[in-house]
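Since the structure of chain Z is already known, use the hints to place chain A on it.
Heads up: the sequence lines are chains Z and A, in that order. Numbered according to this note's numbering, the first sequence spans residues 1 to 371. Numbered according to this note's numbering, the second sequence spans residues 1 to 371.
Quick caveat, the hints were computed from the structure, so don't treat them as lab data. It is possible that some hints are incorrect.
The list treats identical chains as interchangeable, and a pair is accepted whether it falls inside one copy or across any two copies.
Stated by the list, open to error - Lysine to any residue pairs mimicking SDA-like chemistry, simulated, CA-CA at most 25 Å apart:
1) LYS98 to LYS263
2) LYS200 to VAL118
3) LYS245 to ASP270
4) LYS261 to PRO347
5) LYS136 to SER276
6) LYS261 to ARG80
7) LYS333 to GLN8
8) LYS63 to PRO251
2 protein chains.
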Amino acid sequence: MEFSCTRQELLDGVNAVSKAVSARPTMPILSGIYMEVQENSLRFLATDMELGIEYTIPIRATKPGTTVVNAKIFNEMVRRLPDGPITFLLSEDSSLLKVRYFGSELSLNTMNPIEFPVLPHIVEGEHVTLTQGQFKEMTRLVGFSASSDESRPWFTGILWDVNPEYIRWVATDTHRLSFLQGTMVSSTVQEGRQFILHAKTLIDVARLLHEEENPIHLTITKSQVLIETEQMRVILRIIEGQYPKYQQVIPKEYKCRMTVKVKALLEAVDRAALASLGKEGSNIIKISMDGNILTIRSNSPEVGHIHEEVFVDREGDSISIAFNYRYLQEALKVFSVEDIYIDLTGPLVPGVIRPIGEDRYLYLIVPVRTV
Amino acid sequence: MEFSCTRQELLDGVNAVSKAVSARPTMPILSGIYMEVQENSLRFLATDMELGIEYTIPIRATKPGTTVVNAKIFNEMVRRLPDGPITFLLSEDSSLLKVRYFGSELSLNTMNPIEFPVLPHIVEGEHVTLTQGQFKEMTRLVGFSASSDESRPWFTGILWDVNPEYIRWVATDTHRLSFLQGTMVSSTVQEGRQFILHAKTLIDVARLLHEEENPIHLTITKSQVLIETEQMRVILRIIEGQYPKYQQVIPKEYKCRMTVKVKALLEAVDRAALASLGKEGSNIIKISMDGNILTIRSNSPEVGHIHEEVFVDREGDSISIAFNYRYLQEALKVFSVEDIYIDLTGPLVPGVIRPIGEDRYLYLIVPVRTV
Chain Z
1 MEFSCTRQEL
11 LDGVNAVSKA
21 VSARPTMPIL
31 SGIYMEVQEN
41 SLRFLATDME
51 LGIEYTIPIR
61 ATKPGTTVVN
71 AKIFNEMVRR
81 LPDGPITFLL
91 SEDSSLLKVR
101 YFGSELSLNT
111 MNPIEFPVLP
121 HIVEGEHVTL
131 TQGQFKEMTR
141 LVGFSASSDE
151 SRPWFTGILW
161 DVNPEYIRWV
171 ATDTHRLSFL
181 QGTMVSSTVQ
191 EGRQFILHAK
201 TLIDVARLLH
211 EEENPIHLTI
221 TKSQVLIETE
231 QMRVILRIIE
241 GQYPKYQQVI
251 PKEYKCRMTV
261 KVKALLEAVD
271 RAALASLGKE
281 GSNIIKISMD
291 GNILTIRSNS
301 PEVGHIHEEV
311 FVDREGDSIS
321 IAFNYRYLQE
331 ALKVFSVEDI
341 YIDLTGPLVP
351 GVIRPIGEDR
361 YLYLIVPVRT
371 V
Chain A
1 MEFSCTRQEL
11 LDGVNAVSKA
21 VSARPTMPIL
31 SGIYMEVQEN
41 SLRFLATDME
51 LGIEYTIPIR
61 ATKPGTTVVN
71 AKIFNEMVRR
81 LPDGPITFLL
91 SEDSSLLKVR
101 YFGSELSLNT
111 MNPIEFPVLP
121 HIVEGEHVTL
131 TQGQFKEMTR
141 LVGFSASSDE
151 SRPWFTGILW
161 DVNPEYIRWV
171 ATDTHRLSFL
181 QGTMVSSTVQ
191 EGRQFILHAK
201 TLIDVARLLH
211 EEENPIHLTI
221 TKSQVLIETE
231 QMRVILRIIE
241 GQYPKYQQVI
251 PKEYKCRMTV
261 KVKALLEAVD
271 RAALASLGKE
281 GSNIIKISMD
291 GNILTIRSNS
301 PEVGHIHEEV
311 FVDREGDSIS
321 IAFNYRYLQE
331 ALKVFSVEDI
341 YIDLTGPLVP
351 GVIRPIGEDR
361 YLYLIVPVRT
371 V
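Same shape as in the complex, but just chain Z (with noise of 0.2 Å):
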């Protein structure tokens, strides 16, 4: 195995595959990644057993070959590599993989690849394409509606509702809802079709995508679905569980429709969330509207009381009630328009937020019954 690339892509490559590599690996190999040189290609592979990432780079290689090195060290190591031409070479015995810059050299102790699990090879299932854009559009404004409580291990998932004239995508932690429909290049998908897949897994996803026009494709098994792009080869586990039917908590009308300007909604939110400070502090804002002036209150016996003003448009009843202050502010913090909609039915039942320009969207937040 000899090849030579430059620092950059080599970066790309395995930023890419670390997602995969756990804190705590099972089996020692699994601290690694494997590495597999072909004449024109660098394929990085990297998995937990419960997610696999593969990573291809295009380098110049004199000679193929296969070995695996610890992530967290060779991660560092490409850090610190100086800019230009890089050479990688796995000594005779395999034992070590040379890295040579510049008059410098660099011995790095390897593991056998041979004690490396392969990635799954997934070839039959339903297709389904996006493009890119739309990915990360979903996970943008679903992702975060999503729990990070693993007891219920499919409210740490977006659940996707594929069907032959539409796509949707789902998040809940059972106090806020986000819901997108959205658009997809092509599919395969002949009946109704619903999965759940590990939210925090599809945003790192997200992240290593960057052109937004190019196709991301989707390969969905009984119990894995396989996420490709040109470079990249992502297998995750179907989380199991019941989801709840979404269709039923999102209110079908409204008394009462506002249109705020999400910056001026953000900064008061911010300011009332003082109130959250300290031992005694308080999540909750109470909202109450009186003609156009939207008035957000909240107290604690340690900082004081807050009255944040913020002007609207108002159709409809005036309506008070009260929110966790976190799940407003998380939902306005990931918004790209400038107004929202905000529809209110009653002090006990659900706000929905429709983001105005992005109305294949809505997020929805129980309310907190206060006295």
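Here is chain A on its own, set in the frame of chain Z:
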């Protein structure tokens, strides 16, 4: 108490005094920031009884007064205030500080300003004046060599060695030592005076200085030092203890002088430091020389072997020596020059680094004994 100002003006004051608020205050009132409004000024004051910081900003007051607010909450609030004019108003009974902007109002709970300890009034003492630029250079080049081990408090400080003819600063953690001879604008010190001030605090003070050419005044008493600029007053306790005689450890001559590029050496040391990763990692790097090549070697059972070559100009003997890479790395990061001298005498004699162009400075590293 009633006044107006902008968010940025408040931020400057709050940031400055926050360094003096203890994370674990010994009295509840010390979790606060004292604010004193006069006709054209707002004075902030905070202290943990070891360190006191006062910072004054210009404002437009309609009514003078004093109050104390919780430092953490006030800090968070100021960050979240909108751009534009902000009005502060103390309630009739002094229990709430009302903060008004646009139509909104925030009422912060206050504490009784009478309980707040006043900073001692220091006028008597010896005086030294520096430029703020000189003060900043001192903290940058010397401060990082101080120890963070509070069990020998004098090593957490910077020694000020003031004489009618010169001012010198020294910091050491016993593994390495920084020395700088500076220039004073003026001084009333008649005989030699040595005192130790906490390095971290001096670094914090330096961060608040923005006018290189403006003066910074010190008033030195038996147990305290007052540091003053136009806007700021800082009172520090002098650290007690016997500082080692630093002149005795600085080698007077050398047997080998190398001229080295800082950037190339730092990159090589960063890579050699890879050997410190992992459970059995080592911080030791071995240095040797052959002609105009400086070789750095390190190794560890987990990582492998590292062999780095750096081109140098050399006069004198070829010497092999070993260092803890951290002491080399930390120093190389603070230099603002491109080239340094490294002066060596033998494997067990401290090495001396002199930045070329910062020639009133030297940095000494104690070598590691290796087999």
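Checked hints:
1. LYS98 to LYS263: between (53 Å within a copy, 24 Å between copies)
2. LYS200 to VAL118: within (23 Å within a copy, 52 Å between copies)
3. LYS245 to ASP270: neither (32 Å within a copy, 54 Å between copies)
4. LYS261 to PRO347: Within one copy only: 22 Å inside a chain, 68 Å across chains, cut-off 25 Å.
5. LYS136 to SER276: So LYS136 and SER276 fail the 25 Å test inside a copy (32 Å) and across (38 Å) alike.
6. LYS261 to ARG80: between (45 Å within a copy, 17 Å between copies)
7. LYS333 to GLN8: between (31 Å within a copy, 23 Å between copies)
8. LYS63 to PRO251: For LYS63 and PRO251, the Cα distance exceeds 25 Å both inside one copy (63 Å) and across copies (52 Å).
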